[in-house]
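Going down the list, the protein sequences come from chains H, C and Z. Under the working numbering, the very last position in the first sequence is 516; numbers go up by exactly one each time. Under the working numbering, the very last position in the second sequence is 1282; numbers go up by exactly one each time. Under the working numbering, the very last position in the third sequence is 2307; numbers go up by exactly one each time.
All the given hints hold, so there is nothing to weed out.
Cross-link-like lysine-lysine pairs, in silico, BS3-like; alpha carbons within 27 angstroms at most: (1) H:Lys495 to C:Lys1244; (2) H:Lys263 to C:Lys1244; (3) H:Lys356 to H:Lys337; (4) H:Lys495 to Z:Lys2160; (5) H:Lys292 to H:Lys366; (6) H:Lys515 to Z:Lys2160; (7) C:Lys1244 to H:Lys257; (8) Z:Lys2160 to H:Lys263; (9) H:Lys366 to C:Lys1244; (10) Z:Lys2160 to C:Lys1244; (11) Z:Lys2160 to H:Lys257.
No wet-lab data here; the hints were simulated from the structure.
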Amino acid sequence: MKQHRLSKHICGLLAAAAFGTGLSLSVAAAADLIVARAVDADSLDPDKTSTTQSLQMTNLIYDTLVTMGEDGTVHPGIASEWSMSEDGKTYSFTIRDGVKCHDGSTFDAAAAKARVDRAVDPATVNPDRSLWGPITGTSVEGKVLKVSMSEPYSPFMSFLTGIQAGFVCPSSFAAAEFKPIGTGPFKFVSWTRNDSLQLQSNADYKNFNPLIENPGKPHIDQLTFKVIPEAVARMAALRSGEADLVEPSLEETADLKSDSNFKVYAAELSGQQVLAAFSWKIKPLDNPDIRKAIGMAMNRDAYANIAFEGLVHTSNCPVAPKLFSTDEALCATWGVKYDPDGAKAIMEAAGYTADKPLKIRLLAHKLSGWDQMHQIMQQDLAAINVQAEIETREVAAHFDHMSSENKRTDGEPFVWTMGMSGVDPDYLNFLWKRPGFVEMGLNEQVDAMLDEQRRLSGDARAAKIHDIEKYLMENSYTMPLLSPGWNWLMASNAKVEGFKLGFMVSLLFNDVTLKQ
Amino acid sequence: MSISTEISLRRRGLPLGVLLGLGLAIFIIAAALLSNYLAPFDPTRMAAGPRLAAPSSAHWFGTDEFGRDLFSRVLVGGRLSLGIGIFAVVSGLVIGGLMGLIAAFSGRAVEAVLLRLIDVLYSFPDTLIALALVAFLGPGIENATLAIAISLVPFYARVTYGLAAAERAKPYIEAARLAGIRTGRLVRVHVMPNIGQSLIVMGTLGFSSAILSAAGLSFLGLGVQPPSPEWGAILASGRNYINKAPWILIFPGVAICVTVLSFNLIGDSLRDLVDPRRKGRP
Amino acid sequence: MLFLISKRVLVAFATVLVVIVLSGLLIHVVPGDPVTAMMAQSVSATPEVMAEMRARLGLDLPVWQQVMLYLTHVLQGDLGTTIRGNEPVLRLLMQRVPNTFALAVSGLGLALAIGIPLGFLAAVNRGRMVDTVVMFIAVLGVSIPAFWLGLIMIQVFALKLHWLPVAGSNWRNILLPALTLGLTYCALVARMTRSALVDVLEEDYIRTARAKGLREHEVLLVHALRPALISIVTVVGLVFAYLLGGQVIVENVFSWNGIGRLAVQAMLERDYPMIQGFIVVFATSVVIVSMLIDILYSFLDPRMRQK
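Work out the full structure, taking the sequences as your base and the hints as a guide.
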């Protein structure tokens, strides 16, 4: 096998040498779509990964039990009906008849049960296990799957609509090695890591996602994802026609928008929030007034318009816009306003002058737009006598570093930035409840409020979430900056029609057609 | 050995390449040293001009995405790049040189294993070693410099070992050994002065590769932190303007090329004069 | 002779063992926690899940036990599975070896195709203007940052001229990265060719050949170039070994799916089994190759044999 591939390469090389440069580009057949992304999926097993890039792929292969409308309401999916018991501890889902897995097996209530059991089995070591909630058991009654919980878990239904909750078929995890088999709009064909992923449309597909119009089989036949890490190369691939749809470079997107040969897509339902946080355990940032002053110095409009080329919006809440309970106007009344003079006055009153500035570090991870934002932020802080040294790492190293930094109670203070996304404000729990994501948990009071909101539903839950947001902002534990912030843009040539971006930047290809 | 070098230098005269290299190098070093006085703007000052402005009489190299003056950034960036190169080469030479000397002048077992390890390290691409170190040490100019220095160690260790092993075989060493001079003193007083000159020449070659590594690290986002105007960092943050504002890509790139070229020209020509492998070969 | 070979094999084996133990220790020497790094994008990963993950990776065992375990696994040919994606390390490495090999061969091929004629031209015109200009061009190639050259080539050949595709690991995509590598390494080949030829041209037998009235191109091509090629081969070996380690930056710019990208991605994601696997496999192959070369040399060179 290895030998074979090798000789193919060498033959290719000879052929390339023989024909010189008279090579033509591969012209995709009418119903084939080529997509280029910067980063490949880690895994096609939704229980082994939680990166956006992976879940964008798994979401094409697997369906969800229920789906979400643009307004946040829950719609049918694999399950045609569902109900919750009075005490909020038991959920019942009626699994639709005739749902077929890509390998031809039937997806019934027993299959759904097996899938849920696997997600919460400690042996699976699922990083997202806690998102499934406090599940104590599952059972099957005819076509109905019953899930019981030890206590009410109100984010459960929204979670089940999300791309983290793909329902894999039992045949995919029957053997030791995982096989990507689902009921989704596309079938898995082949995957060479970091190179290309090949999918094929599922002829038996029936759609229930309200964001999609096409009721059945996707219009395109072949869907190919290529990995092109360098943005310059990706843009060249789009311009030369080598790829139909790409993750564009931020810097060129504004130009593409005004070019009739291209189309730009921005995720409206990203559920993404970019925020700044503080080393509130370290002097002098233990003082909420100093944190407030730093927040007042941040010129978020400049971040949105210059660093992000006007392709994102400033956002006011610790939770992303358009999610359950998020009220941008209300949050604005709790947060600080941009006021560099006022901020400078606070800092000078605290003894920090131009000659004796407060020295901090600005910890961040590398991402386009973000790098530019931090440089503007650095200048904003310099204007209020805060001398910030930028330290950028790759994502993994950044959060690894943050989890040790956030434990510190003395030494050099720091400001840091992060982004998070989801379909439900419950993600506040994972960030701020002790110990919290990378040790960012706060205190007992916040823990109690966060537990409380999980047990409530409807308006009562919304009110509790507002309380939490108000607490976070009035005490300046966080400074909401922008939304969205990563992977939210796509650009295509003018041939592509009907491409959509769904919740959490899921890629929806069901309605895509190619104009000749 | 020093005699033969002088003779060959005099006989051939300084080659044109070396002259050109020296001229360019002196110009670049002078510009870098005087960059603070020559730069018309603060290299990190935003909105010194309009955003992404093309080269003009006000901004010779144009401006970047924040309206920073590119000419000032490239000038001051030169000081950073050269500084990284010098620090990396000196520390790499010291560590590598010590390793090479230890391998040459300690027992056979140490020599065998140390040489194998040096060989293994040498075979890893230096960019990869530097990248690995920065990935673990964390980013920043100090760590990047250290990482590049370490990535040069195997090269210098090998070169030093080669020179020292050749020196070891000379009769005077045996004579000195018989006279009871200890190895440490022998190396310090007799071996080092004899191979030092060759090592310095090899140093200039490492210098250009250090500058390229630094630029590469910054290009991958692991080197110098923003807003420092290191050349690779300017290229990295400006690369997506390749269609809109190509000058952000052209000037720092040319600066790297010219600098590396000048040191390569000097080093390459001098290398032939001192390379131990080139001696005694048919 | 047999004694010498067995000694070389022993030294090689000892070096490989040292490398395996060192890379087994790697996890514990470097700061940071692989599990936290792995969960970097999993906001919802709880401490319990992290602990399970640590246990599964054996990170809760004492250091010496972990290193011993790693050593025994590697000696049985098991390099473990990656933290990200749970894929066998060896399979991932082997998937990319053909790509890296193909790029190394074609990059080297182009370096030779450009470098040898340049070096030849310089040697024949030694000391003249042609010599200076030719060597200047060669050195210029090695002085251009590969990523910069790569971006410009994409812009020119793929976008403006539409001659070549931008990205991918098919045979059609190899030309641009190979050309970048070729331009980078042709200087080395040219310099080596030049100095080897210059040496050969001073030999007595060349003078004899000339004196015998052989035509100049015959002298150069038949009598001078052939012996010079021997020392060129030495350089070729060096460059080739170096290229096999993967060319991170070129692979990234041209989306070439080689070993270098795999290694760097593993480093940035702190995927320790992958990093260790890369180090062990790469170092072992280098040790084996250099051992074979040593043994080969001792066959070829009688002086070495006597030592």
